[in-house]
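Participant: Here are the chains, one letter per residue:
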Amino acid sequence: MRTTTSAASRETASMRIMVAIKRVIDYAVKIRVKPDKSGVETSNVKMSMNPFCEIALEEALRIKESGRASEVVAVSVGPAQCVDTLRTGLAMGADRAIHVEFPGTLYPLSIAKILKALVDAEKPGLLLLGKQAIDDDCNQTGQMIAGLLKWPQGTFASKVVLDEENKVATVDREVDGGLETLCLDLPAVITTDLRLNQPRYASLPNIMKAKSKVIKKLTPQDLNIEIRSDLEVVQVTDPPKRKAGVILSSVDELIDKLKNEARVL
Amino acid sequence: MAIRSLLGAFRKRSFVTRAVSCYRSLSTLILAEHERGVLKASSLSAVEAAKCLGENNSISLLLAGTGPSLQEAAAHAASCHPSISQVLLAESDKFAYPLAEAWAKLVHVVQQKGSYSHIIAGSGSFGKNILPRAAAILDVSPITDVTEINGSNLFVRPIYAGNALSTVRYTGSAPCMLTIRSTSFPLGATPAPSVSNAASVDKVDLSTLSEDDAIGKSKYISLSSQDTDRPDLGNARIVVTGGRALKSAENFKLIEKLAEKLGAAVGATRAAVDAGFVPNELQVGQTGKIVAPELYMAFGVSGAIQHIAGMRDSKVIVAVNKDADAPIFQVADYGLVGDLFEIIPELLEKLPEKK
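Chains as they are written, first to last, in UniProt numbering: chain A, 1 to 265; chain B, 1 to 355.
Calculated directly from the structure, the hints in this document are not laboratory data.
From the three backbone atoms N, C-alpha and C, an ideal C-beta is built for every residue, glycine too.
Heads up, some of the hints might be wrong.
[To be verified] Only pairs whose alpha carbons sit at most 30 Å apart, straight line, appear in this in silico DSS-like list of lysine-lysine:
id	chain 1	residue 1	chain 2	residue 2
1	A	K34	A	K243
2	B	K350	A	K259
3	B	K315	A	K259
[Stated by the list, open to error] Quick list of the computed label-pair ranges, beta carbon to beta carbon:
id	chain 1	residue 1	chain 2	residue 2	range
4	A	E122	B	S25	38 to 48 Å
5	B	D323	A	T170	54 to 64 Å
6	B	S222	A	V246	44 to 54 Å
7	B	P279	A	G39	29 to 39 Å
8	A	E101	B	V38	46 to 56 Å
9	B	P345	A	E261	37 to 47 Å
[Stated by the list, open to error] A few chain A positions that, by computed beta-carbon distances, are all more than 12 Å from chain B:
id	residue
10	Q153
11	A210
12	Q221
With these hints in hand, go ahead and build the complete structure from the sequences.
Facilitator: Here it is in structure tokens:
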């Protein structure tokens, strides 16, 4: 006889998790603004998966490994080279990947619309994203897609606990005032913060296995999404430079400078 | 009756679809936060930012919540700043705690009625959580973490952890939606609260709020925060930050003692929070709090790009580190190469008591 519990867990065990990942300039690189102020130099610069996206993918993989999900799908929207990042995701353990190819500039609103189309098609029970990309530092996409999907959102998550029986996720969020705990009905959108987990390195056997995993290719047109832009980057410039500082030789000198020169004490 | 209001809505909509830069008059809706019956400082910074959009900007403040503290906050909001002309009050149990789902729908409802040219929130965790969701519902691209406003549709925001600045023009239709960095829009000299010029306080009609499927799917459980008498990290005049070199939560108390002596707020690097020395709300950095105090003192902080992002706009930066090559010395105005376990006690001994 089938009990409700086993039916529910069978239903959640077939839950799919979708993770959106972004290819960005590696976090350790010292960026250079182009002399013509049109943007930041990206050619011949090391690119990597956005650190927050790595954390999102790691969380998805852990949920799957604990038996609470059956499949992890990594998706990325952007130019052709996104496949490199998706291959890394597959090597970490994602089951399959989707690349929505678009060579031009895409703002979070367009990304959110594309992701919504993918969610409508793939029907995941959970959508995970990094809270922000370290290139544009927008911190918008997860919130926007949650709004479009009318799903609850748990942003800046530092802990996620799935209750498969009740189909809810308890999320601890890092907020200005401390640590906030919310309970979200699934399906939900969760964006990940730094302390959620430590992402794994892809092992060599998994990197080899990943080469045969499928990356499905789509365009925004395939999804009936028209990319329209209501933003225009006018210029990208260097931030104001600070005056060079001095190394002092004693605490007495420091206190004197702070009192009499800087006048902050 | 219904037809007249429908026609009114149509008239409003054709007015609204004109590009924001064509607006002869600006009107700004500020998503405000309040605590214990008083407006938060970040919301007042949002008012200062709204003033930068242009002349003749009518500024409305939207407050949500429940109970007497909401009423007190409304009264405070109505009289605390001469530029605020209207306070909108959304009173409901759904706003007992600021959840994004209810707030985003609220913004949608208020925008449909008020047709504001701009919607602004501070870029703390409240604004960052809510404004983009509301923007998606209104089908506009928001511009987050704005540090400079040059007119009604030209904005500057930091990218790459503040290592570059992007100037962005909004070319869409109303509303233009922004979150602003409070440290970039400091409060002017505080005018005395004026009861005679108080703004009107109007209730928002929340009858359509329950039409949003997402409301109710998110429940607030708890908030754990540090109880402290120290000034708030976001707007303290002096910040004392410790890094991983403090080695333990016990040692971190040295930082706290120094902060106490200076009347300062305590900050921490990501490494110190990861190691468990202090809770997350003290983290300063690209993904933590952005601060711009008059004096920032960093002890045992190496100066990673991501930490610098959170404090580079401080007026005076002091760095103490054993390693003369630590990157922090490149942004510091005054540096001391030495052992913080010797330097901090010496500072404690020699610093004057806070005034």
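Participant: None of the hints should be skipped; say for each whether it holds.
Facilitator: Results for each hint:
At most 30 Å may separate the alpha-carbon atoms for a hinted pair to count; K34 (chain A) and K243 (chain A) meet this at roughly 23 Å. Using a Cα cut-off of 30 Å, the hinted pair K350 (chain B) and K259 (chain A) holds, with the two alpha carbons roughly 12 Å apart. In summary, the hint linking K315 (chain B) to K259 (chain A) is supported, as the alpha carbons are separated by about 14 Å, within the 30 Å threshold. Against the hinted window of 38 to 48 Å, the Cβ-Cβ separation of E122 (chain A) and S25 (chain B) comes to about 46 Å, which satisfies the hint.
A hinted range of 54 to 64 Å is violated for the C-beta pair D323 (chain B) and T170 (chain A), which are about 41 Å apart. As the Cβ distance of S222 (chain B) to V246 (chain A) is approximately 47 Å, the hint placing it in 44 to 54 Å holds. A hinted range of 29 to 39 Å for the beta carbons of P279 (chain B) and G39 (chain A) is consistent with their spacing of about 37 Å. At roughly 51 Å, the beta carbons of E101 (chain A) and V38 (chain B) sit within the given window of 46 to 56 Å.
Look at P345 (chain B) against E261 (chain A): about 24 Å separates their beta carbons, and that is not inside 37 to 47 Å. In this structure Q153 (chain A) is not separated from chain B by more than 12 Å, as the shortest Cβ-Cβ distance comes to only about 5 Å. Look at A210 (chain A): its CB is around 29 Å from the nearest CB on chain B, clear of 12 Å, so calling it non-interface holds up. With a least beta-carbon separation of about 19 Å from chain B, Q221 (chain A) lies farther than 12 Å from that chain, consistent with its non-interface assignment.
The structure does not agree with the numbered hints 5, 9 and 10 stated previously, though it agrees with the rest.
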